[in-house]
Amino acid sequence: MAEQMKVIYERPRSWANKVTHYCPGCTHGVAHRLVAELVDEMGLVDKTIGVWPVGCAVLGYDYFNFDSVEAAHGRAPAMATGIKVTNPDNFVFTYQGDGDLASIGMAEIVHAAARGWPITVIFINNGNYGMTGGQMAPTTLLGQKTTTSPLGRTPQANGFPIRVAEMLAQLDGPAYIARVSLDSPVNIRKAKSAMRKAFNAQVRGIGFSLVECLSTCPTNWKLTPVESMERVRKEVMPYFPLGEFKVVEGVL
Amino acid sequence: MSDKVLMKGAEALAEGAIQAGCRYYFGYPITPQNETPEYMSRRLPEVGGRFVQAESEVASINMVYGAACAGVRVMTSSSSPGISLMQEGISYISGSNVPCVVMNAMRGGPGLGNIAPAQADYFQAVKGGGNGDYKRIVFAPSSIQEGVDLFVDAFELADKYRMVVMVIVDGLIGQMMEPVEFKTRIDVSTLKTPEWATVGRHGRDHANIITSLTLDAAGLEQWNLKLQAKYAQVELTESRIEEYQMDDADYAIIAYGTMARIAKTTIRIARAKGIKLGLLRPITVWPFPAKQIQTYVGKLKGTLTVELAYRQLFEDVQLALCGKIPLGWYGRGGGVVPGPQEILAAFEEQFGKGR
Numbered sequence: 001m002a003e004q005m006k007v008i009y010e011r012p013r014s015w016a017n018k019v020t021h022y023c024p025g026c027t028h029g030v031a032h033r034l035v036a037e038l039v040d041e042m043g044l045v046d047k048t049i050g051v052w053p054v055g056c057a058v059l060g061y062d063y064f065n066f067d068s069v070e071a072a073h074g075r076a077p078a079m080a081t082g083i084k085v086t087n088p089d090n091f092v093f094t095y096q097g098d099g100d101l102a103s104i105g106m107a108e109i110v111h112a113a114a115r116g117w118p119i120t121v122i123f124i125n126n127g128n129y130g131m132t133g134g135q136m137a138p139t140t141l142l143g144q145k146t147t148t149s150p151l152g153r154t155p156q157a158n159g160f161p162i163r164v165a166e167m168l169a170q171l172d173g174p175a176y177i178a179r180v181s182l183d184s185p186v187n188i189r190k191a192k193s194a195m196r197k198a199f200n201a202q203v204r205g206i207g208f209s210l211v212e213c214l215s216t217c218p219t220n221w222k223l224t225p226v227e228s229m230e231r232v233r234k235e236v237m238p239y240f241p242l243g244e245f246k247v248v249e250g251v252l
Numbered sequence: 001m002s003d004k005v006l007m008k009g010a011e012a013l014a015e016g017a018i019q020a021g022c023r024y025y026f027g028y029p030i031t032p033q034n035e036t037p038e039y040m041s042r043r044l045p046e047v048g049g050r051f052v053q054a055e056s057e058v059a060s061i062n063m064v065y066g067a068a069c070a071g072v073r074v075m076t077s078s079s080s081p082g083i084s085l086m087q088e089g090i091s092y093i094s095g096s097n098v099p100c101v102v103m104n105a106m107r108g109g110p111g112l113g114n115i116a117p118a119q120a121d122y123f124q125a126v127k128g129g130g131n132g133d134y135k136r137i138v139f140a141p142s143s144i145q146e147g148v149d150l151f152v153d154a155f156e157l158a159d160k161y162r163m164v165v166m167v168i169v170d171g172l173i174g175q176m177m178e179p180v181e182f183k184t185r186i187d188v189s190t191l192k193t194p195e196w197a198t199v200g201r202h203g204r205d206h207a208n209i210i211t212s213l214t215l216d217a218a219g220l221e222q223w224n225l226k227l228q229a230k231y232a233q234v235e236l237t238e239s240r241i242e243e244y245q246m247d248d249a250d251y252a253i254i255a256y257g258t259m260a261r262i263a264k265t266t267i268r269i270a271r272a273k274g275i276k277l278g279l280l281r282p283i284t285v286w287p288f289p290a291k292q293i294q295t296y297v298g299k300l301k302g303t304l305t306v307e308l309a310y311r312q313l314f315e316d317v318q319l320a321l322c323g324k325i326p327l328g329w330y331g332r333g334g335g336v337v338p339g340p341q342e343i344l345a346a347f348e349e350q351f352g353k354g355r
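Chains as they are written, first to last, in the working numbering: chain A, 1 to 252; chain B, 1 to 355.
Among the clues, some could well be false.
[As the list claims (entries may be wrong)] Listed below are the simulated EDC-like cross-link pairs for lysine to aspartate or glutamate, each with C-alpha atoms no more than 20 Å apart in a straight line: (1) B:LYS192 <-> A:ASP46; (2) B:LYS276 <-> B:GLU349; (3) B:LYS160 <-> B:ASP187; (4) B:LYS301 <-> B:ASP247; (5) A:LYS47 <-> B:GLU195; (6) B:LYS8 <-> B:ASP216; (7) B:LYS192 <-> A:ASP89; (8) B:LYS160 <-> B:GLU195; (9) A:LYS190 <-> A:GLU37; (10) B:LYS183 <-> B:GLU348; (11) B:LYS301 <-> B:ASP250; (12) A:LYS18 <-> A:ASP40; (13) A:LYS197 <-> A:ASP89; (14) A:LYS47 <-> B:ASP205; (15) B:LYS183 <-> B:ASP153; (16) A:LYS18 <-> B:ASP187; (17) A:LYS18 <-> B:ASP153; (18) B:LYS353 <-> B:ASP250.
Treat the hints as calculated values from the structure; they're not laboratory data.
As the structure is a prediction and not an experimental result, all values here were calculated from the model.
Chain A extracted, bound-state conformation (with noise of 0.2 Å):
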């Protein structure tokens, strides 16, 4: 019966009807999804602006139906900052990789944390630079085979890998910072909870958010889209425990 039907799933409102250009088995579908599905839930679609990283997610400012700006390698965390504090009632989030954002943007992303101005980061962590070719990145596993670490990852040519999460939970700045991982259903759905608490934790004025998500990247890994979600769960997981690491009082 017609009248007895009810919409379960829908593409978000904040969702451009477009198709993306990322790979089969890439998880930045996955992520953009939660953040369109959070936007529209939250009500923010008037007031968001995203900052977009060099990076794969280069091009996200064209799949969503909000104001976006395209950041320079590593300074999205800067561009925000600015973006905020000419309009403090936005919402304002950045999305970066690895590279963009542990490495070539890692004194941006530490003050911004430190500074502790609310506005969230979604931060994708799938162990190398996926857009140039799959090169070491910051957080590529010891042993991990990259297309400069052939021989794979040591500590004595390449040091160690850097967890962000961790790291960043050591300031006063921050409100919220979890990890996530986006390999399955149940995983996913506590990611967009962790997403809700971090986009919370701006909209209420408390602080700085961060989710780091633990992501697949199965062209450069060399592996079909489930082993690549097999990989997270037996080899970066271990490595990079999910959980949160901070959550100050208000966030929820």
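Given the coordinates of chain A, work out where chain B should sit on it, guided by the hints.
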């Protein structure tokens, strides 16, 4: 009653920017311009603005970029090594068609150099610095009052053309004190948020996107052609020059900023000796006032370009005059500022007694 007040250059220029409607400033400490961010940090909150000390010049210019995308009047200032770090951001801001003002209190280089007055960032300011084909309007005031006045034009033109406007001074202008009058006060409540600004849709029927990225080559060429058309318009209408004692001049010194100021004393001494020397002082070094300088072809026996750099301004003079007037040059580097007599000696060495 005069409204003149005695102020230090770096502070007066900051107040000039505020009077011109600047309400947002992002910066990082570097000598010799620290008085500018210090002044901004105490003054901007009084007028409803915001000062942010960034973690680096790289962050400063990208905070400026963000605020510029919101369509507000925003600036940063720094000195040579810091301005070098901002070149990436200046390129992005230029490639995105958003307005801002950047002040460079130039110091001796290259590298860490020193903190003495210099003009060796001329090429960086005028020819490029960052990647890609872009231009900025570059004002080169030679007094504090002129700098204050030019800040109004700097913000107006930045908004009008949606481009970066630079104001280049040096530590000498920044550190000296002069009487200054703030003649123009922009009422920021009259400034409208531009329709292109990323300030949230708030009912707008489309999303605004600001980016310097165009992956398609033909599309990026079209974007470049639009920028080039804008720059051509700016070249046509915005070049400025001061022509000082040029009516009867046989020779002209070509100099800007601090050097032009010192050259005026040289001219007084030369004229007392019977040398008919004048001054052509570019107020904008981009667009370079080539056409105004070219009007002296056939009238002058020679020009002496004087700068605190090694043949940077001189190249633009060469391009403007193409050998149609004999070209002399005198420059000092590393923060050494020559006195008027030294300039006159250089002139006499190259042009004899000028008769």
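Hint check:
no.: 1; hint: B:LYS192 <-> A:ASP46; in the structure: holds, 19 Å
no.: 2; hint: B:LYS276 <-> B:GLU349; in the structure: holds, 16 Å
no.: 3; hint: B:LYS160 <-> B:ASP187; in the structure: holds, 17 Å
no.: 4; hint: B:LYS301 <-> B:ASP247; in the structure: holds, 14 Å
no.: 5; hint: A:LYS47 <-> B:GLU195; in the structure: holds, 15 Å
no.: 6; hint: B:LYS8 <-> B:ASP216; in the structure: violated, 49 Å
no.: 7; hint: B:LYS192 <-> A:ASP89; in the structure: holds, 18 Å
no.: 8; hint: B:LYS160 <-> B:GLU195; in the structure: holds, 13 Å
no.: 9; hint: A:LYS190 <-> A:GLU37; in the structure: holds, 14 Å
no.: 10; hint: B:LYS183 <-> B:GLU348; in the structure: violated, 41 Å
no.: 11; hint: B:LYS301 <-> B:ASP250; in the structure: holds, 6 Å
no.: 12; hint: A:LYS18 <-> A:ASP40; in the structure: holds, 17 Å
no.: 13; hint: A:LYS197 <-> A:ASP89; in the structure: holds, 18 Å
no.: 14; hint: A:LYS47 <-> B:ASP205; in the structure: holds, 13 Å
no.: 15; hint: B:LYS183 <-> B:ASP153; in the structure: holds, 12 Å
no.: 16; hint: A:LYS18 <-> B:ASP187; in the structure: violated, 43 Å
no.: 17; hint: A:LYS18 <-> B:ASP153; in the structure: violated, 43 Å
no.: 18; hint: B:LYS353 <-> B:ASP250; in the structure: holds, 12 Å
Comparing the model with each earlier hint shows violations of hints 6, 10, 16, 17; every other hint is respected.
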